[in-house]
Structures are given as C-alpha cells and as structure tokens.
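Single-letter residue listing:
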Amino acid sequence: MSTRAFRLAVILGLLTAATAPGMVDARTQIGSPVHAPLGVASDSPAAQLRTALNGTLAEHAFLLSEAMRTGVEGGAGFESAGAALEANTVQLVDMIESVYGAQAASSFGDLWRDHIAFLIDYTRALADDDADAQTLAQDQLADYVAAFSALLAGANPNLPESVVADLIAEHVQQLQEVAHFSIGEYSKAYPALRHTYAHMYTIGDGLARAIILQFRDTLTGGDMAFSPAADLRISLDRFLGEHTILAMIAMRSGLTRTAGQEAAADALAQNTTDLSEAIGRIYGGAARNAFAGLWRHHTDAYLRYVAGVAADDQDLRTTALDQLRDYQTDLTNFLAVANPNLDAGDLTALLRTHTEQLVAQADAYAAGDYDAAYDVAHEAFAHSGTLAEALASAIATQFPEMFPDTATAEPRPPRPLADAGLILVIVSLLTMPPYARLAAAPPWRAPRRR
Amino acid sequence: MRPEARDAIHMAFDELVMGADVSGLWDTVAGGGGVEVAPFPNAVDRSLKLTSSPSGDPTTLCESVSAVDAMPLRVSADLLIAGGAEGASVRLELDDAAIGLVIRAGGVLGIEPVGRLVAGTVAAAQWYRVVLTLDPDRGTYRVTATPRNGDTIDGAEQSLSPMWRSSPSDPRLCISGPAVAGAELFLDNVAIE
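So the protein lines, in turn, are chains A and B.
Going by the working numbering, the letters in the first sequence line up with residues 1 to 450, in that order.
Going by the working numbering, the letters in the second sequence line up with residues 1 to 193, in that order.
FYI, nobody ran anything at the bench for these hints, they're computed from the structure.
Among the hints, erroneous ones may be present.
Which chain B residues face chain A? A few, computed with CB under 7 Å, are given here [said to hold, decoys possible]:
1) 16
2) 17
3) 22
4) 24
5) 34
6) 42
7) 43
8) 45
Away from chain A, derived, C-beta distances all over 12 Å, residues of chain B [what the hints assert, rightly or not]:
9) 14
10) 20
11) 62
12) 137
Cβ atoms here follow ideal geometry from the backbone N, Cα and C, with glycine treated the same way.
Throw the hints in and build the complete structure from the sequences for me.
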C-alpha cells in the first residue's frame, strides 16, 4: 500500500471511529453507551470515502449556515460557530492531503477558508445594506469559483473544470440565499439551507466518484460504493443528518425565541415529511403515516423541551423528556416489527443517544457554553450516520433484491445529465412499491448474478 | 477601526472584510511585501497576514504609542509564522533606538541588540502570545512567549542598559516580518497598555 493510500486508510478509519462506541459517550458525557452498528453495510475503502466526504461536506453546510445565522449579532456563539467550522475544514483538508499531498491540501484549505470568509462578509453586507461590500464579496466569490474549480480539475482528470465550476457556483449561490438569515427573511433562508445541504451530497458524490476512479487500485470497492445498498445508506445519512441539524437549529432558535423559530420548525417538519415518504416507499402508506406520527411526536418534544428551558418551566421540560423516552420505545417497537433484522435493544440505545445528544446540545447552548454545544452537535451529526448505517443495513438485508450491495458498473466522473439521471432513477426506485422496484432493473447496472 | 482612546491601544481584526485596504489601520506601512486580512485561525476570528517581497524584504507596520502613558508599558500580540518558515522572523520594536524583540521560527526568543535571550525555541505554525513589559522606572524589561497549548517561554527580568532608560520623544511600536520570501506572518490581538 502506498504512503498516501495508507494515510487515507488511517483518515477514513478515524472518521469511522468518530462514531464508534465510547468516543461519543466520552466527549459528550451524556452517559449513554453507543452500540455498535446493527448490521454490516458496504464498507470498502471506496464506500468509506463516499460516506466520509458526503458527511463532512454536509456538516460544512450546516456549520456555515450557523455562522451566517449567528454572525450578524456576533458574540460567543458566532466565535464558537467559526471554530467548529474551522474544525470541519481541517477534517476536509486532511482528507484531501491524504489523497493529493500537503501542497494541494494547503491550496485547497486556503481557498476553502476564503470562500467561508467571503460568505460571512456577504452576510454582514446584506445585513448592513452595504452594496459596495456585497459587490466586493460577490466578486471575490466569483474569483474563488474559478480558482477552486481549476484546482480540482488540475488535480483530477475525471473532474471537468466547467462541471465543477457549475457545481461550486451553485453552492455559492445557495449560500447567498441562506444569508437571508441576516435580514430576517427566514422563509428564504431555511429552504435555501435545505437545498444547500442536499446539494452537498451531489458535490460529495461527484468528487468521490472522480477520486475513486483516479485511485481505483487503492480505493477498492468502487462497485460497492455506488451500489443501491450504498445509495440507501447515503439517502438515510442525508435525511437523518438533516433531521439532526434542523432539530438543533430549531431548538436553538426556540431557546433564544428569535423571530425565525417558526420557519425553523417548518423546515424540521418538511424533513419529517421527506423522511416519512422515504419510509413509505419501502414499507407502504400505512407505515409512512405511522412513522410520521411517531417522528413528529419526538420533534415536537424537542421544541417543547426548549420552550420549557426558555420559560424556566420544569414541568414542561419533564413532560418533554418523558415524551422523548416514550418515543425511543415506540419507534423501536415500530421499526423492529417492520424489520426483523433490527435488534430492539440496540435500536433503543441508538435512539436514546440521539435524543440525549440533542437535549445536551440545547442545554449547553442555553448555558452559553457554545463550544460544548458545537462539540455535541458534531457528535450528534456523526451519530445520525451510525443510525443511518444501522437502518440501511437492516433494510438492505431485508430487501436484498432491491438493495444489492454491488454494482458492476464502474463509478463515473460527474456529468450533469448523467448525475441528474442517476438521481431520478434513485428517486423513482424509492417512489415505487417494492414489487415494482424488483421488476425495474436500474439501467446503468447489468443484471445481478445469482 | 482606529481606537479613539489612546490610553491603551487594542487591535483585533475580526470585523475587517476580506480584501479590505488595511493600510489605514497603522501610522505607517512600509516594506516590499504585503499585508491583508486573513481568515486565520478561522473565518470568524481573523488576523492580518504579512508577507515579504520576493527578495525577502519584510513588511513593517508602525503605530505611535506616545499617547500611551501607562508604565510599565506592556506590549502584547498573537504571532504565528507559517509557510516557508525556515529563517523567518518577527521584529517587535519599541522605538528604533529603544528595544527590539526578535522571534525567529526554529530559533530562540531573543532581544537585540543585547543578544540572544536563551529561553526556549519558538516553533513555526504555532500561535504565540508574546508579551514585552518595559519598566523604565525600574530599568527592567521582560519578555514572555506563550504558545496556545504549551508552557510559557519566560525570558526572566532583564536590566535595561543606561542608554535605553531615557524616554524616547515619540516612541513607536513597529512589527516587522517575516523577512523570508514565501513565509507568512500572522498577527492578531495587538495591545499596548
């Protein structure tokens, strides 16, 4: 194994270990052990790269939106958001260094940090209604898109510069919409945040495909990395990660009773709808409705909890915590009945950790310990991936014809139309009832061998 | 950005926008390199980045401290040397004729022209909180450099030579670096009090 391949393996191992038992518990000190994943998902180096890259980029979108959300008022919360964002940047730069070396990683890091700063400047300029500063930030962002695209295209021949430029420009454009946080236009900011978050998975998949193709000898298992089983894992990563992010933002908004708390709750509810629809596509309409009811019950409990904290109402807090405990049991029972591959005890423990992390980050935020709040938020986001992996593995095991863990097609470099087609196929697969999906062989994959 | 109250000077750079002209922050900006706002250590907690000319001519920022009448005078700044840091250095001077502190990456914390104050090695790519305390009444000075995560390099109290005990007419603080092409000097949280 080459030095870089070894370093990449170490980085991926560390990223995987970030969700391992003990680490979450030790860092968040919420006293709940995290159980090992319930099943074995596609775990090739290529699949790990795809998962890690998508997760790190998705968390970037969350943290940048937090910096933009808190940036206008400044203060300790803004500083903590900046530090958390930098930690995420370091994580991303380390991944780039493990593949492309220190010099490329340094250039990547410089440009990445610049675009974050430009977007914060843009947010402030919007808040100050300063047209000159907005223009300056926009000009610098345009330069960044060109320089960053050239850097990536130069490092990887599978990344066409114009395609990368379009993707990055879209990312920047979406974040400029997220900047509407600064002028109180939450009805624009929250949908933009959701689009930005989802878009990170498009960028992450495009980069992962290109890198896996470039280093196919060391990043083995490219067929597993983009198999239907892996796609399912990534989809659940995305939905559950977004749930975690939006729940945290809604709770923080509720704690500070800011004007945007209603829009934050709406965004959280929309994620619930999307997640429920995804469940319904696999288990049917009745399951979708039952799941949605349970899930809303627990998101309402989060908001009730922070309302209790904000109002210093101990009874309300206790009621909310009781509801969250009930939810752990109720959702476990629901899922364990739907899928015999899920162990009820393990699943309850995973859900308990999830709810306790969200409560812990809110408590830290309410206490003004923003560093701790972001530390727990990071662990909570990582834990959502553990939960997604467990669920995806169990579902793929339950429906192996629908979600095989291999695909014979090589991963391809990103092409807009092809990627759009891929997304449409995944969406259509998820929207079909199970029997229909079995009959519809994905067009990019050869028939599965028995 | 320029402080109104001159009984003390505090400079942080978090509110500056990327690409802003920062020359107006200082009385004078000289040298062949450049100075710009940097998203370092992160995009929220910003600093100034000083670079040298291709020939290694450093950038020098100077600010009058004549209105700061507090004694002993305490000058502090967060400094980090990065990039091609081999041989890169920072000069922190209080009046040309008074006292100069030299921090050299990979070298020792030192005072010029007295000579090296052998107190500890300053590493590159590490933030140091450098404090220079000057007490003309007692005829002493003291330098400390504290990395963010590490033990303080304490220069211990030293005696000023008689020629330095006279009060300069218009004392200035000058920060100069990094004196090596390709290196970068990051500067944050400058205070004179």
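#### Entry: Violations among the numbered hints
1, 3, 4, 5, 9 and 10
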